[in-house]
Every structure is written in C-alpha cells, then in structure tokens.
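Asks: Order-wise, the sequence lines are chains X and B.
Using this note's numbering, the letters of the first sequence correspond one by one to residues 229 to 428.
Using this note's numbering, the letters of the second sequence correspond one by one to residues 229 to 428.
These aren't lab readings, by the way, just hints derived from the structure by calculation.
It is possible that part of the hints are untrue.
The list makes no distinction among identical chains, and a pair is therefore deemed to hold if it is satisfied within one copy or across any two copies.
[Claimed, not checked] With a straight-line Cα cutoff of 30 Å, these simulated DSSO-like cross-link-like pairs (lysine-lysine) come out:
1) 386 / 397
2) 307 / 386
3) 297 / 307
4) 390 / 294
5) 408 / 294
6) 294 / 307
7) 390 / 351
8) 386 / 336
9) 351 / 386
10) 408 / 386
11) 336 / 317
12) 317 / 390
13) 349 / 386
14) 349 / 404
15) 386 / 294
16) 307 / 404
17) 386 / 297
18) 317 / 351
19) 317 / 386
20) 336 / 307
Protein chains: 2
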Amino acid sequence: MSYRYEIRLSGSGGQGLILMGIILAEAIGIYDGKYVAQTQSYGPEARGGSSKSEVIVSDEEIDYPKAMKLDLFLAMNQKSCDEFYLDLKPEGLLIVDATFVTQIPIPKAFRIPFTQIAREKFKREMVANIVALGALSQLTPIVSSKAIEAAVLARVPKGTEKLNRDALKAGMAAAKRAKKEWTGTEVVPAVPKEELQDSY
Amino acid sequence: MSYRYEIRLSGSGGQGLILMGIILAEAIGIYDGKYVAQTQSYGPEARGGSSKSEVIVSDEEIDYPKAMKLDLFLAMNQKSCDEFYLDLKPEGLLIVDATFVTQIPIPKAFRIPFTQIAREKFKREMVANIVALGALSQLTPIVSSKAIEAAVLARVPKGTEKLNRDALKAGMAAAKRAKKEWTGTEVVPAVPKEELQDSY
Numbered sequence: 229m230s231y232r233y234e235i236r237l238s239g240s241g242g243q244g245l246i247l248m249g250i251i252l253a254e255a256i257g258i259y260d261g262k263y264v265a266q267t268q269s270y271g272p273e274a275r276g277g278s279s280k281s282e283v284i285v286s287d288e289e290i291d292y293p294k295a296m297k298l299d300l301f302l303a304m305n306q307k308s309c310d311e312f313y314l315d316l317k318p319e320g321l322l323i324v325d326a327t328f329v330t331q332i333p334i335p336k337a338f339r340i341p342f343t344q345i346a347r348e349k350f351k352r353e354m355v356a357n358i359v360a361l362g363a364l365s366q367l368t369p370i371v372s373s374k375a376i377e378a379a380v381l382a383r384v385p386k387g388t389e390k391l392n393r394d395a396l397k398a399g400m401a402a403a404k405r406a407k408k409e410w411t412g413t414e415v416v417p418a419v420p421k422e423e424l425q426d427s428y
Numbered sequence: 229m230s231y232r233y234e235i236r237l238s239g240s241g242g243q244g245l246i247l248m249g250i251i252l253a254e255a256i257g258i259y260d261g262k263y264v265a266q267t268q269s270y271g272p273e274a275r276g277g278s279s280k281s282e283v284i285v286s287d288e289e290i291d292y293p294k295a296m297k298l299d300l301f302l303a304m305n306q307k308s309c310d311e312f313y314l315d316l317k318p319e320g321l322l323i324v325d326a327t328f329v330t331q332i333p334i335p336k337a338f339r340i341p342f343t344q345i346a347r348e349k350f351k352r353e354m355v356a357n358i359v360a361l362g363a364l365s366q367l368t369p370i371v372s373s374k375a376i377e378a379a380v381l382a383r384v385p386k387g388t389e390k391l392n393r394d395a396l397k398a399g400m401a402a403a404k405r406a407k408k409e410w411t412g413t414e415v416v417p418a419v420p421k422e423e424l425q426d427s428y
C-alpha cells in the first residue's frame with residue numbers, strides 16, 4: 229500500500245525556507261532512501277514577499293510534485309500561517325515559529341520560538357531554519373534525526389558545522405519539551421521567555 | 229496565448245545543479261516577474277548519483293511543475309546527457325559542458341567547457357555552474373542577464389561576489405563566441421584549449 233506525505237514550509241523571504249526544503253528533501257531522499265520531490269514556486273508578486281517550499285514523500289515515484297492537502301505545515305510567520313492553514317488535513321501537524329506566529333488558527337499546534345532560540349542562544353537569527361529542522365525531526369516520523377544531521381552538514385558552509393549542529397540539537401530539545409507539554413486537545417503553551425537561556 | 233517553457237539542468241552530485249536551478253528560478257520569477265516552478269527529485273538511487281533540477285516558466289500559474297518535453301536542456305556530464313536528451317523537443321536547445329560531454333547525441337548543440345573555464349580562469353571548479361548560468365542567459369531569451377546577475381549576487385556567500393560576477397561574465401563571453409560560430413546545421417566546435425586563457 230503506497231503512501232504520500234505532503235510538507236509545506238513557509239515564511240518570509242529571508243528566513244531560509246528554500247534551503248530548509250532542500251535539506252529536508254535530501255535527508256529523506258538521499259539519506260533515508262525514500263522518493264522525494266521538492267518544489268518552490270514564484271509568481272509576479274514574489275519580490276519581497278513570502279517564501280514557500282514544498283516536500284512530497286512517497287514509497288514510489290512521485291508523479292505530481294505539488295502539495296494539495298498537507299500532512300505537515302510549518303509556518304515561520306503569521307502571514308503564511310493565515311494564508312495556508314486551510315490546506316492542512318484535519319489530522320495534519322501544524323508547527324509554528326512562536327516568535328512571530330501569535331494567532332493560531334486551529335486548536336492543535338506545536339508552538340516553538342525558533343527565531344528567539346536562534347537569537348538568544350546563538351546570536352544568529354539565520355539559524356532559525358536549522359533549529360526548526362531539528363524540531364521537525366522530533367515531531368514527525370517522516371525523517372530521522374540522523375538523516376537530518378547528515379543533510380545539514382552536507383549543505384551548510386564550511387566552518388559553520390558546529391554552529392549548525394548545535395542549532396539542530398537546540399531544536400530537537402525544544403521539540404521534546406513541547407511534546408511533553410502536548411495535551412492533544414488545546415493549544416500548546418509557548419515556552420516562557422525567561423527560561424530560554426537555561427533550557428535550550 | 230499562454231506559454232510554457234521547460235528547462236532541465238543535470239549533472240553529477242557535486243556540480244551545484246540545485247543551487248543553479250534556484251538561482252535561475254529566482255532570476256526569472258523574482259527579478260523578471262514571470263511564473264516559475266522549480267523542482268528537484270530524489271529516489272532511493274540518489275546517494276552518490278546524478279543530480280537533476282527543473283525550472284518551468286509560464287505567463288500563468290503553473291499547475292504541473294514537472295518537465296515533460298524540454299525547451300532547454302543543460303548537461304554537465306556525459307551520463308546525464310545520454311539519459312535525458314530524448315526528452316528534448318525537436319526544436320529544443322541543448323547546452324553541454326564540453327569538459328565532460330564529448331559524445332553529442334543530436335546534431336545541434338552548444339558546447340562550452342564550463343568546468344575548464346572555471347578551473348583555468350578562476351582556479352575554482354565550483355564556479356562552473358555560475359559560468360554556465362552566464363552562458364545560458366545569452367543563449368535563451370527566457371531570462372535576462374540583468375536578472376541572472378541580481379539573483380546570483382543574492383544567493384552566493386558574502387565575500388564571493390566578485391568571483392561569481394566574473395564567472396558569470398566569463399560564461400556570457402563564452403556563449404557569445406559560441407553563438408558566432410553557430411552554423412545551425414552542425415555540431416558547434418568546442419573552443420580550442422590553447423585559446424582559453426586569452427579569450428575568456
């Protein structure tokens with residue numbers, strides 16, 4: 229019995245969504261050995277706008293590489309959350325960057341402050357996407373954390389391996405913590421800001 | 229009347245085909261303002277294998293983002309040239325990296341030694357993909373050289389802007405030269421090796 233798993237990553241232009249999609253696709257396709265198609269689309273409104281990257285996973289060749297009903301939706305800003313949450317399946321998984329997404333449109337969601345973690349723990353907002361990849365690897369069985377780590381290290385610039393490995397691990401720890409707090413029936417509370425330095 | 233223009237870039241794993249696809253898609257979608265979908269696919273055989281990146285361009289939203297009949301096919305190695313040339317339309321454009329592709333399967337093709345130019349002129353094989361982007365911008369009207377330059381500079385690591393701009397320009401110069409030599413009826417001769425240092 230074949231399966232199809234659809235992921236959309238979205239946010240604003242500078243948040244590294246496209247690199248994130250490529251790393252996720254390579255983790256699943258090259259390191260975990262499944263069929264993967266990874267896509268990004270641009271329209272005339274693309275300049276300065278929002279960014280969207282999609283990853284489709286299957287156990288057979290993928291004929292239609294565009295997402296239709298999402299199994300997993302990551303929103304790195306409020307605008308993309310509002311724009312796309314209706315594409316999520318009823319049982320689908322919503323993950324938001326709680327730094328920027330404060331209005332959660334559905335009752336169930338994992339809220340983790342990826343950008344805040346990147347900023348406070350690493351002084352580098354640009355690793356928020358890697359923090360998010362770490363979290364994602366703990367929240368879905370579609371990718372293994374080993375494959376994610378291998379794919380990240382293969383793609384990031386030489387000399388930044390330690391920073392990126394640490395960012396991944398911070399994301400994994402934040403996700404484990406969020407899972408513990410998960411009740412399954414209500415919005416998961418965001419981690420209080422003052423605990424950030426210690427806990428991540 | 230709507231159009232659809234299909235591009236496939238292919239080669240071996242380390243040749244930077246995916247970054248090339250993203251830069252090309254951003255040049256056309258963000259800077260030139262057309263609709264673009266950019267895709268890469270992986271299968272269980274992906275580890276250590278060949279790499280393939282596709283860019284579809286249209287004047288309307290793209291429903292099916294996978295290439296079916298190619299308008300433009302760039303082959304950076306012999307294996308991918310052999311594997312995919314049959315997907316080219318009869319009037320389609322074939323561009324090969326003459327450093328690695330020596331057997332040209334169809335009578336019409338642009339042969340430019342991208343990797344050799346990168347190696348001899350810049351001592352950096354890794355800019356072969358940027359040299360190829362420069363050439364491509366001269367060989368197809370689907371992207372402007374201005375848009376390609378803006379997209380390259382937005383994506384390459386800080387500090388490498390001059391190297392990449394020079395690589396683009398070397399590719400443009402090589403393509404202009406190849407176009408002059410183009411007869412339209414036979415295989416375009418590769419540029420003789422001994423002239424490389426002077427002419428690019």
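Asks: Cα distance capped at 30 Å. Does residue 408 pair with residue 294 within a copy, between copies, both, or neither?
Replies: Classified as neither: same-chain Cα gap 33 Å, cross-chain 41 Å, threshold 30 Å.
Asks: First find the shortest C-alpha distance between residue 297 and residue 307 inside one copy, then the shortest across copies, and answer within, between, both or neither for a cut-off of 30 Å.
Replies: within (19 Å within a copy, 36 Å between copies)
Asks: Within a copy, between copies, both or neither: where do residue 307 and residue 386 come within 30 Å Cα-Cα?
Replies: So residue 307 and residue 386 pass the 30 Å test across copies only (29 Å; inside, 33 Å).
Asks: Which holds for residue 351 with residue 386 at a C-alpha limit of 30 Å: within a copy, between copies, both or neither?
Replies: both (19 Å within a copy, 18 Å between copies)
Asks: Treating 30 Å as the Cα threshold, decide for residue 386 and residue 294: within, between, both or neither.
Replies: Cα proximity of residue 386 and residue 294: none, with 32 Å in one copy and 32 Å across.
Asks: Can you tell me if residue 349 and residue 404 fall within 30 Å by alpha carbon in one copy, between copies, both or neither?
Replies: within (17 Å within a copy, 50 Å between copies)
Asks: Checking an output row: residue 386 and residue 336, CA cutoff 30 Å. Within, between, both or neither?
Replies: Neither. Shortest intra-copy (38 Å) and inter-copy (40 Å) distances fail the 30 Å Cα cut-off.
Asks: When no copy is specified for residue 317 and residue 351, does a C-alpha distance of 30 Å or less occur within a copy, between copies, both, or neither?
Replies: neither (36 Å within a copy, 51 Å between copies)
Asks: As a check of your reading, is residue 390 near residue 294 (CA-CA no more than 30 Å) within one copy, between copies, both or neither?
Replies: neither (34 Å within a copy, 36 Å between copies)
Asks: For the identical chains here, do residue 307 and residue 404 meet the 30 Å Cα criterion within one copy, between copies, both, or neither?
Replies: Cα proximity of residue 307 and residue 404: one copy only (26 Å, versus 44 Å across).
Asks: Is it within, between, both or neither when you check residue 386 against residue 297 at 30 Å Cα-Cα?
Replies: neither (37 Å within a copy, 38 Å between copies)
Asks: At most 30 Å between C-alpha atoms: does residue 336 with residue 317 qualify within a copy, between copies, both, or neither?
Replies: within (12 Å within a copy, 49 Å between copies)
In the structure shown, a violation is registered for the earlier hints numbered 4, 5, 8, 10, 12, 15, 17, 18 and 19, in ascending order.
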